[in-house]
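Working from the sequences, and respecting the hints, build out all of it.
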Amino acid sequence: MQAAAIAAMAAHAILTATPPTLHPLLSPLPPNYSSFHGVFLKLPRQPFSLSLATKKPQPLFVAAATKKAVAVLKGTSNVEGVVTLSQEDDGPTTVNVRITGLSPGLHGFHLHEYGDTTNGCMSTGAHFNPNNLTHGAPEDKIRHAGDLGNVVANADGVAEATIVDNQIPLDGPNTVIGRALVVHELEDDLGKGGHELSLTTGNAGGRLACGARSCWFDSNLMVADVRNLSGVTICCLPSPLSHTEPDVNFPVCNVKLSGQQIIPGKLNVPCLNLDAMSSSASWF
1 MQAAAIAAMA AHAILTATPP TLHPLLSPLP PNYSSFHGVF LKLPRQPFSL SLATKKPQPL
61 FVAAATKKAV AVLKGTSNVE GVVTLSQEDD GPTTVNVRIT GLSPGLHGFH LHEYGDTTNG
121 CMSTGAHFNP NNLTHGAPED KIRHAGDLGN VVANADGVAE ATIVDNQIPL DGPNTVIGRA
181 LVVHELEDDL GKGGHELSLT TGNAGGRLAC GARSCWFDSN LMVADVRNLS GVTICCLPSP
241 LSHTEPDVNF PVCNVKLSGQ QIIPGKLNVP CLNLDAMSSS ASWF
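Residue numbers for the sequence shown follow full-length UniProt numbering, beginning at 1 and rising by one.
Please keep in mind that the hints were generated in silico from the structure rather than gathered at the bench.
One should not assume that every hint holds.
Unchecked claim - FRET-style restraints, in silico, Cβ to Cβ: (1) V152 / S77: 26 to 34 Å; (2) G193 / D89: 31 to 39 Å; (3) N119 / A155: 29 to 37 Å; (4) D90 / E196: 20 to 28 Å.
In this text, a Cβ means the ideal position worked out from N, Cα and C, and glycines have one as well.
Below, the structure is given as structure tokens:
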């Protein structure tokens, strides 16, 4: 009876006592003492049983860190488009593509090495290829990281596609930030056409348009629209913005707002002028 009473008192003490002010690591323990989360108990030497009630563990919810990027494709022809990229944590990158002004059919679509458009799309370099492999299809083990296959334009010249790829992250050493997305004149043969260019470019022909600029958000902001108005690229975000200060500080882009601009048809949508970003902004 005495042992049972002592055990009940011990269990109550473990479940209800608060930690002492003196940390247990700061003082040596006598040989007959035991510790549990900072509670010291003097227990008898005779054996006894002790049972503790346990609570069912609750599920742990972790918010994913979502990264987003937007590229505006422009060229010397009437071909233009908008590409949005998003990635959660270290998962694959989802690429949503909409390009207009194309001829109907398949067109090669790649990530190129440089975000340099000083000489149009020709200055974007070769396909992004950090592993120094030959050209292939997106599902091939041997491929360029920038090999994104083909997009298909309908009879109206509009190509819409969703690409999910794990070789084009939005951060890290192989990030897409600072590179260029390019749509080509011809179908990419995915390295299997037998042409002398098949294993380097997929024999996809000339470069029609490329993503010369982008905005990059390491946040949960959803991009509402990106347009080109009178030569000025505008990135629109849904209202309201979480930041309303004149200087909106994003992790990568320091955006200077000279006043909110409203795109026609998008009432109450704050628009960030990409040309107003500081030199620390990341561009494609």
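Okay, the hints, checked on the actual structure:
1. V152 / S77: 26 to 34 Å: violated (18 Å)
2. G193 / D89: 31 to 39 Å: holds (37 Å)
3. N119 / A155: 29 to 37 Å: holds (33 Å)
4. D90 / E196: 20 to 28 Å: Roughly 38 Å apart at Cβ, these two residues miss the hinted range, so it is violated.
Hint check: violations occur at hints 1, 4; the rest are consistent with the structure.
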